[in-house]
Amino acid sequence: MKLSKVFLAVLLVFVLVGTACAEDTIKIGVYNSLTGRTAFGGQLELEGIQMAHQEVPELLGKKVELIVVDNKTDKVEAANAVKRLTERDKVVAVIGTYGSSLAMAGGEVAEAAKIPMMGTSCTNPLVTQGKMYVFRACFIDPYQGAGAATYAMKTLNMKKAALLIDVANDYSVGLATFFKQSFKKLGGEIVSELKYNSGDQDFTAQLTEIISKKPELLFIPADFAEGAIIMKQARELGAEFQIMGGDAMDNPELVKIGGDAVNGFIHTTFPYDATMKDMSPLAATFTENWKKIHPDKAPNVNAALGYDSYMLVANAIKTAGSAEPDAIRAALAQTKDFPGVTGNKTINATHDAESPVGIIQIKDGQRVYVGEVSPEM
Amino acid sequence: MFVQHFFNALTLGSLYGLIAIGYTMVYGILRLINFAHGDMFMLGAYFVFFATTLWALPWSLAVVVAIIGTALCGVLVDRMAYRPLRDAPRISALISAIGVSFFIQNLSLVLFTGLPRAVMRPDWLVNVIKFGDIRILPLAIIVPIVTAALVASLLWVIYRTKPGLAMRAISKDIETTRLMGVPVDKVIAMTFAIGSALAAASGIMWALRYPQINPFMGLVPGNKAFIAAVFGGIGSIQGAVVGGMILGFIEIMVVAFFPGLSGYRDAFAFILLIVILLMKPTGLMGEKLEDKI
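So the sequences go chain by chain: A and B.
Per our numbering, the first sequence starts with residue 1, numbered consecutively.
Per our numbering, the second sequence starts with residue 1001, numbered consecutively.
The set of hints was computed from the structure by calculation and includes no laboratory data.
Model, not experiment: these values are computed from the prediction.
Each hint should be verified, as a subset may be incorrect.
Straight line, CA to CA, 27 Å or less: simulated DSSO-like cross-link-like pairs of lysine-lysine [as the list claims (entries may be wrong)]:
1. A/K114 with A/K131
2. A/K160 with A/K184
3. A/K27 with A/K185
4. A/K213 with B/K1280
5. A/K90 with A/K27
6. A/K114 with A/K214
7. A/K154 with A/K114
8. B/K1130 with A/K160
9. A/K214 with B/K1130
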């Protein structure tokens, strides 16, 4: 009897302390792939988010607390992570994640919990489709795919393309489809379309087949680790065609793994890169500050998008004047011309941030920001 | 075209075969499916990576270091995870093996991070040889030779040496062998050392062919090699090589002849394997065993 009373009292203290803390801080949840196959992207995004948090540690006079959960590059873990953030930690908003498949799994949970989610670099249209509470800080794959197709047709003047697609990856399948649509619409021809599964390491059979069809261009919507070994094997098999990819190739490690094989490779990305000329003042400040915090690591677009995601949420809380999830949601949907590192952000009707498509080419082992392209849709 | 596919398949098949002989050897002697084999494979590749980058060793020395290092890891795993379960039911050791596999993967994730790493490759192994349109890596020829040489020496150890005799005796009856005065635990430790050294050798070859390593790299090749070993008749070393070759050839040829089915490559490869196993349940070269798992 006595014991249970003590227990009750202790419990009461915890609850009181707990609620007191909750009132003092604004909790923002972060879920990202910090380990697993896409940890390279998730880590950079988290570092971008943390940098933004250091710059804006307080909102509405309250401290902002970041609660970070790893989704281990796993769809189930991603759903669990958002469940944990919304139910146990009672966050007011969620930021994440790298990887469209993961963002879709997490977005379902955020939507059900009525907590706004800000996607970082998840570009598949399905991530926000039909969702009230899911937003993103990046453009979407139909736009990016059209950008790649426009660049290939208009700038490179290539008319025959082949595709190599990861069928187990929503991002890869989506981006390939949109590239194909735009490329055909502009008058190009798809001469070969082959597939593989995430985790495959041998692409020789597919590549031999593609080489025999003599395309001018191979489009691989893979992430950089896979992309690098695909390119290596393609060059070893004697492929001489141009290779192109999407924003998931945007990682400094690409050159380290791919070596000579990635020279000449072109990929689309968001309009930010540490090597870009004519940087906006905001992007320049970001790059400078990043180098102070991480002297041995170049900032990339994932870090910039992580940074922008946090700033978008912070801006919504400020304009709403409240940290209630529904107020944040409403403010996010109204965002117009918000200056971000990756360009000015306007959240459109489908909750995507519109921005131009950047083009990067690898030249002599260096990533070069070539310029921007306006997709012909 | 076909010749190119043939060489692609030969390389992939002999890599699968190389991994599979490690599985089959441990199974043949202990009747234990060593699920940590794929992780030993990964450790072998990481040893080479660290030996060449951190300690700046020349490549050939790094390979020796990697093989010895991985063999020691194998002995350690046996001592910690399998030896205490020697008299327990087979299924307990199997579960322990799965546990070890997860443990090694996640420990590596913490120690090495999930970031994929590039492995250095000596030029003489990767300078492409051209015959008209056909392009072959020297590796495509070296991997089958290494596999053949390892199989030959393994067979020699098992059938022509005294420890090999002890291994075969253990595979028949562990208790009687102990009563005959054979240091059973030492012989088993040696079995694991050899098995892990084989895993390291295949991991190194794999990393040369697909020069991007990460803590989960052993998962898919390990599972496929295990299936190749079962398919060839688990316990039979020649069978493992044949099984690996067939799996490699099916995987490449499915894509070569039916490009439209390339997304279902694994599904088709495995359906074919299941059909063959239905007709010959002990595998191609397996002997009928009393059920010991």
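A quick look at each hint next to the structure:
1. Of the supplied pair hints, the one linking A/K114 and A/K131 holds, its CA atoms being roughly 10 Å apart against a limit of 27 Å.
2. With a C-alpha separation of about 10 Å, the suggested pair A/K160 and A/K184 falls inside the 27 Å cut-off, and the hint holds.
3. Taking the CA atoms of A/K27 and A/K185, the gap is near 47 Å; set against the 27 Å cutoff, the hint is violated.
4. The suggested pairing of A/K213 with B/K1280 is violated, with an alpha-carbon distance near 39 Å, which exceeds 27 Å.
5. A C-alpha spacing of about 7 Å is found between A/K90 and A/K27, which places the hinted pair at or below 27 Å, so the restraint holds.
6. Taken as a hint, the A/K114 and A/K214 pair is broken in the structure, with Cα atoms around 51 Å apart against an allowance of 27 Å.
7. Proximity of A/K154 to A/K114 is assessed by CA-CA distance (about 44 Å); at most 27 Å being required, the pair is judged violated.
8. For the suggested pair B/K1130 and A/K160, the alpha carbons sit about 26 Å apart, so the restraint of at most 27 Å is met.
9. For the hint linking A/K214 to B/K1130, the alpha-carbon distance of about 18 Å falls within 27 Å, and the restraint holds.
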